[in-house]
Amino acid sequence: MALAAGCTPDASGAGTGTGTAPAPSSAAPGTTATPGSTPGSTPSASSTDDKPPSPSAPPTTGTPASKPLMGEGTETEQVRELQARLRQLDFFDRAPTGFYGTMTAASVRKFQAHRGLPETGSVDEKTWQTLLSVTRKPTADELKPSTTNKLDTPDPRCMTGRVMCISKESRTLAWMIDGRVVSSMDVRFGSENTPTREGLFKVEWKAKDWTSTIYHTPMPYAMFFSRGQAVHYSADFAARGYAGASHGCVNVRDRTKLSALFDQVKVGDKVVVYW
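Note that the sequence shown covers residues 1 to 275 in the working numbering.
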């Protein structure tokens, strides 16, 4: 029997410049440098530095401002920990990256406002110590989560047995056994014209190396669950992210994770797709 199964994604000039060579400097006519000239005397040659002389700085008094530990543009593992701790308090809503950008700065301002600290958007010692006091040390998975997207609360149908629990809200797939998350990964779905069906299904059949019989494109590690719709790896998702969509399948962009999941999932295991 021929199977019609499969779904795939929907579908300079060189710059120029000119420059001029600096004009050679020349001494004023009829003048020469005189050794031992007195302070304040006019130099015999014009200066090539057009910045005015800096006045001598007056002595400073008082306590200097607290030096920021982290701010926009910082990229360190400490920033990753900062983001993970802010995420524990729901001030940062995505996976830690280790880069301090505008989103991290906005999250820090929210935390500072909540704790009555100056809302600078950068992290000084006071902000850092306050954050440490109200959070715990992040776990390895919190620092480098298994998904870019935060896992959704599992549907009640996911809490028993072996199930691929797929949330359209969080765009994640959690492989669960008896209510425990074993692994998880980012996913994307079909477009408005070719939506991914929602409901309770089961894995009907599997194919490690499958090519769509409809669109003639590769669907590695395909696990079919609903009339041709399947969970499978998508090179397009890996390349373009959420800029694209499938024709109804559940696309996975992490090939290594999906390969491991494919080996664990058995025909007959549950699939739950929900909002």
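It is worth saying that the hints were derived from the structure and are not from the lab. Each residue gets a CB set at the ideal place from its N, CA and C atoms; glycine is no exception. Treat the hints with care, since some could be wrong.
Straight-line distance between alpha carbons at most 30 angstroms, and here's what the computed BS3-like set of lysine-lysine pairs gives [claimed, not checked]:
1. Lys206 to Lys266
2. Lys67 to Lys110
3. Lys206 to Lys168
4. Lys67 to Lys168
5. Lys137 to Lys257
6. Lys126 to Lys168
For each label pair, taking beta carbons as the anchor points, the in silico distance ranges come out as [as the list claims (entries may be wrong)]:
7. Met103 to Trp275: 20 to 28 angstroms
8. Val267 to Thr153: 44 to 52 angstroms
9. Met159 to Pro195: 24 to 32 angstroms
10. Glu198 to Val267: 39 to 47 angstroms
11. Glu198 to Glu75: 34 to 42 angstroms
Hint-by-hint comparison with the structure:
no.	hint	in the structure
1	Lys206 to Lys266	holds (8 angstroms)
2	Lys67 to Lys110	holds (20 angstroms)
3	Lys206 to Lys168	holds (22 angstroms)
4	Lys67 to Lys168	violated (43 angstroms)
5	Lys137 to Lys257	holds (26 angstroms)
6	Lys126 to Lys168	violated (40 angstroms)
7	Met103 to Trp275: 20 to 28 angstroms	holds (25 angstroms)
8	Val267 to Thr153: 44 to 52 angstroms	violated (28 angstroms)
9	Met159 to Pro195: 24 to 32 angstroms	holds (25 angstroms)
10	Glu198 to Val267: 39 to 47 angstroms	violated (21 angstroms)
11	Glu198 to Glu75: 34 to 42 angstroms	holds (40 angstroms)
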